[in-house]
Amino acid sequence: MNFDNKELKDLLESVRFVYGYDFTDYAEASVKRRIDHFMNTRKITALEKLGKMILHDEKLFEEFIQEVSVTVTEMFRDPVFYKSIRENVLKRLATYPFIKIWIAGCATGEEIYSIAILLQEEGLLNRSVIYATDINQKSLQIAKDGVYPVENMKAYTANYQKAHGKKSFSEYYKAKYNSVMFDKSLKQNIVFAAHNLAVDKSFNEFQLIICRNVLIYFNQKLQNKVINLFYESLCPFGFLGLGNKESLLFTDRKKYFEEIDRKEKIFMKK
Amino acid sequence: MQGITQKYNAIAIGTSAGGLFALSGILDELPAGYPIPIMVVQHRSKDQKDLLEEVLQNKCKIRIKQADEKETIKGGFVYVAPPDYHLLVEADKTFSLSSDEAVRFSRPSIDVLFETAAIVYKDTLAGIILTGASSDGAAGITVIKEYGGLTIAQDPAEAQFPFMPESSIQTKAVQHIWTLSEIKKFLSEISNI
Ligand SMILES: C[S@@+](CC[C@H](N)C(=O)[O-])C[C@H]1O[C@@H](n2cnc3c(N)ncnc32)[C@H](O)[C@@H]1O
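Residue numbers (the numbering used here), protein chains in the order written: chain A, 1 to 270; chain B, 1001 to 1193.
Bound-form chain A, shown alone (with noise of 0.2 Å):
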């Protein structure tokens, strides 16, 4: 599993050439892993086959994009996390007239439909706007369609639980089958889009970005870059909130946030 590192720089190069997808920051170790799992599954035996593959043949290269761009997700991952904002964030979003929150990776969308539920239950959501963005095209239909399946419920229930939920979890949902959907009045704010967070710009003011377990998948270049953006992107005392294996330790904004939540990770811009 250990690429030539040529090769593998030709290759994310060669693909951020022809579809304009840059991987070349991205934390190498984990990429190598990524790819080489790719390859394993479809019996690729050497990097430059993969790349003739996938740079002729844009099924297949989707199929890259869905192995490269981890999708793991789940409802209320980290229910302290959800309840800090719950508590932190949303009381102090209540004064504004009228409340813009970025979800950036927002993967297949259970963290939207999280963030969802808790400005339904504080009355916020009718003047939210979610705007909600990941590379993953697919993932991002999948978050679009809000259907999931019902086997997860258990434990969603109970993270909801824990982010001290204030209703029975299954008002939120109907189950079909082996799935669930989540009620239509979620959704109602929610603006899908795509956006790549690794070459796009900041598209609009907001007073609360989310980006969890995005990037950690980043070198520290890229995720100085990303950090920056964000500060551009939030109204003065905008909030962020990053996964809890994140910080901003090692970004240049550092000082420019004050943290809210040091343990969930959540800061305010100064």
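Don't read these hints as lab results, they were simulated from the structure.
Cβ coordinates follow ideal geometry from the N, Cα and C atoms, glycine included.
A hint or two may mislead.
In silico DSSO-like cross-links for lysine-lysine, where the CA-CA straight-line distance does not exceed 27 Å [claimed, not checked]:
#1 B:Lys1046 - A:Lys154
#2 A:Lys166 - B:Lys1046
#3 A:Lys6 - A:Lys91
#4 B:Lys1093 - A:Lys6
#5 B:Lys1122 - B:Lys1185
#6 B:Lys1145 - B:Lys1061
#7 B:Lys1145 - A:Lys6
#8 B:Lys1046 - B:Lys1007
#9 B:Lys1093 - A:Lys225
#10 A:Lys263 - B:Lys1046
#11 A:Lys221 - B:Lys1184
#12 A:Lys6 - B:Lys1122
Here's a subset of chain A near chain B, in silico, CB distances under 10 Å, partners left out [said to hold, decoys possible]:
#13 Arg77
#14 Gln141
#15 Gly243
Following the hints, put chain B with the ligand in place on chain A, whose structure we already have.
Leaving out everything else, chain B with the ligand in the frame of chain A:
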């Protein structure tokens, strides 16, 4: 333990059931300034937070810390993989974390740490498999061997859960089958090379 003259720049340890006891058994007497960085994957539940580090720290002199994303790997520390994330070693000797799918039902996975560490530390890595009830680590120990590193398994006769060291030994990639006290002696000797 004569004949070990190789210099080691990193030690990777993998364990699951029974691991806490085994880990404190080999780490408890290491001095605070132990020069070789030690990286540990202990299978753990994701609700556990920092409990493992705290309990281990109470028994050890060397600093025990949960590995942070992008942290530089240094001597004087035992780095423990956080619950629910894979721990990976990058070429510039920093850590990265990943929440991609579980490997052999585990996240963190021993295989992931061992494989990425082997690529970076090559023949200066020593990999150790301790007690456990899973076969995680067997693929990783093979990769360490391929890259010229040293491979050690706890003697299954002594291990609280022998399945994990046995699985590694079955790959034929394990060079030494040692008891905890022999592993402990090894750790102390290689720090003087
Ligand atoms: C592990 S998921 C995290 C999902 C969710 N935020 C959570 O914490 O559960 C990582 C997501 O980041 C997305 N991603 C990776 N690189 C990206 C980029 N350059 N721009 C935007 N999204 C990206 C992936 O497609 C994937 O959906």
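Taking the hints in turn, this is what the structure says about them:
1. B:Lys1046 - A:Lys154: holds, 16 Å
2. A:Lys166 - B:Lys1046: holds, 24 Å
3. A:Lys6 - A:Lys91: violated, 51 Å
4. B:Lys1093 - A:Lys6: Status holds; Cα separation ~19 Å.
5. B:Lys1122 - B:Lys1185: holds, 22 Å
6. B:Lys1145 - B:Lys1061: Since the Cα atoms of Lys1145 of chain B and Lys1061 of chain B sit roughly 30 Å apart, the hinted pair is violated (cutoff 27 Å).
7. B:Lys1145 - A:Lys6: Answer holds: Lys1145 of chain B to Lys6 of chain A is near 25 Å, not above 27 Å.
8. B:Lys1046 - B:Lys1007: Not satisfied, since the Cα-Cα distance of roughly 35 Å exceeds 27 Å.
9. B:Lys1093 - A:Lys225: It holds: about 22 Å lies between the C-alpha atoms, which stays within 27 Å.
10. A:Lys263 - B:Lys1046: holds, 15 Å
11. A:Lys221 - B:Lys1184: Violated. Lys221 of chain A to Lys1184 of chain B sits at ~40 Å, over the 27 Å cutoff.
12. A:Lys6 - B:Lys1122: holds, 19 Å
13. Arg77: holds, 9 Å
14. Gln141: The hint is violated - Gln141 of chain A has no Cβ within 10 Å of chain B, the shortest such distance being about 20 Å.
15. Gly243: This interface hint holds because 8 Å falls under the 10 Å limit.
Of the numbered hints stated above, those contradicted by the structure are hints 3, 6, 8, 11, 14, listed in ascending order.
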